[in-house]
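Student: So you can see what is in the structure, the chains are spelled out below.
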Amino acid sequence: MKLTKIALPVIASLTLLPALAQADTLDSVKKKGALNCGVSTGIPGFSATDSKGVWKGLDVDFCHAVATAVFGDPSKVKFVPLTAKERFTALQSGEIDLLARTSTWTATRDNSLGLNFTGVNYYDGQGFLVNKSLGIKSAKELDGATFCIQAGTTTELNLTDYFKSQKMEYKAVTYDTSGQTIDGFKKGRCDAVTSDASQLYGLRLKMEDPSAVVVLPEIISKEPLGPVVRQGDDKWFNIVRWSLFALLEAEELGVTQANVDKQLKSENPNIKRLLGTSGKAGEQLGLDGKWAYNMVKNLGNYGEMFDRNVGTGSPLKIDRGLNELWLKGGLMYSMPIR
Amino acid sequence: MKPNTSVSVLNNPNHRAILYQIIALLAVVCLAFYFTNNMFDNIEKRGIATGFDFLDNTAGFGISQTLIAYDDGSSTYGDVFYVGILNTLLVSVIGIVFTSLLGLIVGVARLSPNFLIAKLAQVYIETFRNIPVLLQILFWYNVVLAALPSPRQSLSYFDSFFLNNRGFLMPEPVFEAGASAIFIAFILAVFGVFFLARWAVARHDNTGEEFPIFWVSAGLIIGAPVLVYFLVGQPISAQYPVLKGFNFKGGITVIPELLALAFALIIYTATYIAEAVRAGIEAVPKGQKEAAKALGLKEHVILRKVVLPQAMRVIIPPVINQYLNLVKNSSLATAIGYPEIVTLFSGTTLNQVGQAIEIILMTMMVYLAFSIIISLLLNWFNAKTAIKGR
Chain A
1 MKLTKIALPV IASLTLLPAL AQADTLDSVK KKGALNCGVS TGIPGFSATD
51 SKGVWKGLDV DFCHAVATAV FGDPSKVKFV PLTAKERFTA LQSGEIDLLA
101 RTSTWTATRD NSLGLNFTGV NYYDGQGFLV NKSLGIKSAK ELDGATFCIQ
151 AGTTTELNLT DYFKSQKMEY KAVTYDTSGQ TIDGFKKGRC DAVTSDASQL
201 YGLRLKMEDP SAVVVLPEII SKEPLGPVVR QGDDKWFNIV RWSLFALLEA
251 EELGVTQANV DKQLKSENPN IKRLLGTSGK AGEQLGLDGK WAYNMVKNLG
301 NYGEMFDRNV GTGSPLKIDR GLNELWLKGG LMYSMPIR
Chain B
1 MKPNTSVSVL NNPNHRAILY QIIALLAVVC LAFYFTNNMF DNIEKRGIAT
51 GFDFLDNTAG FGISQTLIAY DDGSSTYGDV FYVGILNTLL VSVIGIVFTS
101 LLGLIVGVAR LSPNFLIAKL AQVYIETFRN IPVLLQILFW YNVVLAALPS
151 PRQSLSYFDS FFLNNRGFLM PEPVFEAGAS AIFIAFILAV FGVFFLARWA
201 VARHDNTGEE FPIFWVSAGL IIGAPVLVYF LVGQPISAQY PVLKGFNFKG
251 GITVIPELLA LAFALIIYTA TYIAEAVRAG IEAVPKGQKE AAKALGLKEH
301 VILRKVVLPQ AMRVIIPPVI NQYLNLVKNS SLATAIGYPE IVTLFSGTTL
351 NQVGQAIEII LMTMMVYLAF SIIISLLLNW FNAKTAIKGR
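Protein chains in written order, with full-length UniProt numbering: chain A, 1 to 338; chain B, 1 to 390.
Heads up, a few of these hints could be off.
Distance ranges between label pairs, derived from CB positions [stated by the list, open to error]:
#1 B:159 - A:330: 55 to 63 Å
#2 B:134 - A:307: 35 to 43 Å
#3 A:209 - B:159: 32 to 40 Å
#4 B:41 - A:330: 39 to 47 Å
#5 A:24 - B:53: 26 to 34 Å
#6 A:209 - B:173: 37 to 45 Å
#7 B:156 - A:208: 26 to 34 Å
#8 B:51 - A:52: 43 to 51 Å
#9 B:26 - A:108: 37 to 45 Å
#10 A:330 - B:149: 41 to 49 Å
#11 A:134 - B:373: 40 to 48 Å
#12 B:183 - A:209: 49 to 57 Å
#13 A:256 - B:134: 42 to 50 Å
#14 A:54 - B:149: 35 to 43 Å
Computed list of chain A residues with no C-beta within reach of chain B, every gap over 12 Å [what the hints assert, rightly or not]:
#15 259
#16 265
#17 325
#18 328
Note that these hints are calculated values from the structure, not bench results.
Owing to the predicted nature of the structure, the values given are computational and were not obtained by experimental measurement.
Backbone N, C-alpha and C define an ideal beta-carbon position, used for all residues, glycine too.
Construct the entire structure; sequences and hints are all you get.
Tutor: Quick look at the structure:
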């Protein structure tokens with residue numbers, strides 16, 4: 001009888017235990033001593049390793065920026081390379097704390113995956129890459145073509161929509177990674193690659209002869225790419241969202257990596273609030289008052305990141321276009337930091 | 001001696017044993033309940049959708065090979081599930097049939113008295129058995145793509161079969177009225193052959209007279225449908241693939257992913273089956289072969305009538321495992337983009353829908369069902385051929 005007397009209450013209490021819940025993300029990141037950041041398996045300009053194995057790119061820089069905001073040290077990031085179809089599950093399950101992997105902000109993803117998009121760090125659109133030898137000038141001439149696509153992307157869905165609306169036919173061959181996708185194209189498995197236009201420029205550079213392929217002028221979709229966090233942790237959501245805003249605000253105010261120390265003495269009230277010499281923007285986020293200063297000091301503002309990774313200072317040479325500041329005709333706009 | 005009735009029921013060792021088992025079972029059930037509950041609790045807190053409603057939603061993406069009608073604009077995720085299952089089944093069935101044949105031939109060749117044949121078989125087995133199957137799949141896929149020309153330079157056979165890096169194209173049969181008569185003739189021929197074979201075996205047992213069963217069966221199965229085809233006025237025509245724009249239109253296309261995957265799985269699995277066949281043959285006592293030789297039977301008759309039936313008892317159990325492995329290995333197709341259940345359902349669909357638990361569970365159930373069905377079938381066959389207690 002002794003055993004049943006012990007066992008039954010144990011079992012009963014076990015079923016009544018409160019559910020195990022996910023801890024506060026900021027606390028868990030601080031405890032781990034590093035930010036687990038989900039990136040791609042290799043998209044030039046956004047997240048790819050260089051010849052020394054160091055991660056480089058716009059998304060990579062954003063991971064560094066958030067790590068800097070939290071720790072004051074850009075090196076405290078652990079990069080987790082993910083394929084398109086692994087990325088959201090990795091974030092849901094808590095394997096990563098932040099997903100910066102050229103992910104398109106859509107209603108389904110924002111509302112039914114238990115995730116939140118914190119903003120847009122690159123406005124993109126879907127395009128086509130074809131061999132120049134086909135002599136094609138427009139996507140409307142692609143009736144009957146075979147496409148190489150990456151699995152688990154909005155690309156797959158947009159392609160169907162576009163060809164339905166144009167009353168054209170197509171065949172899709174779906175691969176796991178962007179590397180396999182471009183490989184299939186190189187070997188002639190498909191006539192065209194379709195992906196976000198920014199990625200096509202990067203993939204083009206991976207060809208043996210980049211001048212033998214051409215990106216068609218049509219952009220068939222809106223692809224606002226942004227960082228993603230888990231739903232239900234507003235504190236962490238705010239940190240990621242305002243890190244991006246701070247980088248944009250810095251560009252708007254002319255605060256750069258080179259002049260940020262000098263700007264500490266600036267009398268401009270906006271700059272003072274951004275760099276923490278007045279106001280409590282950092283403290284309100286649960287961070288150090290110098291969070292934005294640290295980011296710009298270590299990584300530069302959004303414009304500098306853009307130029308370095310995908311813009312004029314990079315092999316991709318992508319025009320700022322929609323990603324220009326709102327003052328210069330683009331869509332990049334920071335909410336006021338005050 | 002009378003049993004001591006004053007002892008409590010609980011002190012009876014049998015009762016105690018049962019009690020402990022009930023407690024253990026309860027504990028497991030409670031734990032499982034707790035974890036499931038915890039999972040759903042957290043899922044709800046995070047606002048992740050649950051349930052199987054998503055199966056009715058429109059999928060909206062293209063699939064390179066569909067065995068059932070699939071429209072990328074209106075078909076649902078439920079349809080995608082079936083497309084995936086059928087594609088997995090297709091490559092599994094092709095794989096199992098051909099790997100069995102190849103394995104049997106190589107296994108027998110391995111024991112051939114001819115030095116060259118035996119060594120060739122050995123080299124093949126040792127090479128392909130020791131290379132990971134994922135590498136082989138990637139290798140054959142790259143070979144297939146690299147070796148084949150583009151659609152415009154297709155290799156053409158009789159102007160109706162074409163081979164290029166978009167696949168192998170063949171004419172598609174178009175059935176018109178009266179075509180069903182041909183199928184009925186075919187089915188009748190199969191039944192006829194079945195009874196003919198039983199009759200021939202019985203006659204052979206009774207009188208020892210041989211009947212050329214193979215040639216007669218082949219004649220019946222091929223001859224009867226062909227005869228009916230001409231009798232009812234050739235109701236089957238063919239739609240030929242035609243080069244149009246980027247690619248061929250019409251006809252049936254066997255995509256290169258299927259070719260590469262099936263080829264790799266066949267080549268890999270056959271090595272294991274060949275070894276099982278060899279082990280089976282070597283397990284048959286030498287005396288059996290010598291006795292058959294002494295009776296004056298020919299080599300191939302000895303193999304077919306004396307050695308293989310006895311070897312089967314040893315061969316079948318390991319071969320079941322290899323069939324199961326082949327089915328499960330087909331999921332590696334995700335590396336080359338063959339649209340089977342893992343690629344389509346727990347890949348693309350999971351990413352579009354985001355309901356990992358439901359989708360992974362459904363995918364696991366598919367493989368579990370496949371494996372259990374194969375096991376049951378072959379266990380039944382094994383029981384039939386197993387040594388009878390005499």
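Student: Compare the structure with each hint and give your call.
Tutor: Verification of the hints:
Our hint of 55 to 63 Å for residue 159 of chain B and residue 330 of chain A holds, since their Cβ atoms are close to 57 Å apart. Range check, residue 134 of chain B to residue 307 of chain A: about 41 Å between beta-carbon atoms, so the 35 to 43 Å window is met. Taking 32 to 40 Å as the suggested C-beta distance range, the pair residue 209 of chain A and residue 159 of chain B conforms, at roughly 35 Å. With their beta carbons about 43 Å apart, residue 41 of chain B and residue 330 of chain A fall inside the hinted range of 39 to 47 Å.
Look at residue 24 of chain A against residue 53 of chain B: about 32 Å separates their beta carbons, and that is inside 26 to 34 Å. Checked against the hint of 37 to 45 Å, the C-beta distance between residue 209 of chain A and residue 173 of chain B comes to roughly 43 Å, which is consistent with it. In this structure, residue 156 of chain B and residue 208 of chain A meet the distance hint of 26 to 34 Å, their C-beta atoms being roughly 29 Å apart. Between residue 51 of chain B and residue 52 of chain A the beta carbon distance is about 48 Å. The supplied range of 43 to 51 Å therefore holds.
Taking 37 to 45 Å as the suggested C-beta distance range, the pair residue 26 of chain B and residue 108 of chain A conforms, at roughly 41 Å. Judged by the Cβ atoms, the range 41 to 49 Å given for residue 330 of chain A and residue 149 of chain B holds: they are separated by roughly 46 Å. A hinted range of 40 to 48 Å holds for the C-beta pair residue 134 of chain A and residue 373 of chain B, which are about 47 Å apart. Separation of residue 183 of chain B from residue 209 of chain A is about 54 Å and conforms to the stated range, judged on CB atoms against 49 to 57 Å.
The hint said 42 to 50 Å for the Cβ distance between residue 256 of chain A and residue 134 of chain B, and at roughly 48 Å that hint holds. In this structure the supplied range 35 to 43 Å holds for residue 54 of chain A paired with residue 149 of chain B, their Cβ-Cβ distance being about 41 Å. For residue 259 of chain A, the non-interface assignment is confirmed: its Cβ lies about 42 Å from the closest Cβ of chain B, beyond the 12 Å cut-off. Distance to chain B confirms residue 265 of chain A as a non-interface residue, since its nearest Cβ pair spans about 45 Å, more than 12 Å.
Residue-level check passed: residue 325 of chain A sits 33 Å from the nearest beta carbon of chain B, beyond 12 Å. Against the 12 Å criterion, residue 328 of chain A stays outside the reach of chain B, whose nearest CB is about 36 Å from its own CB.
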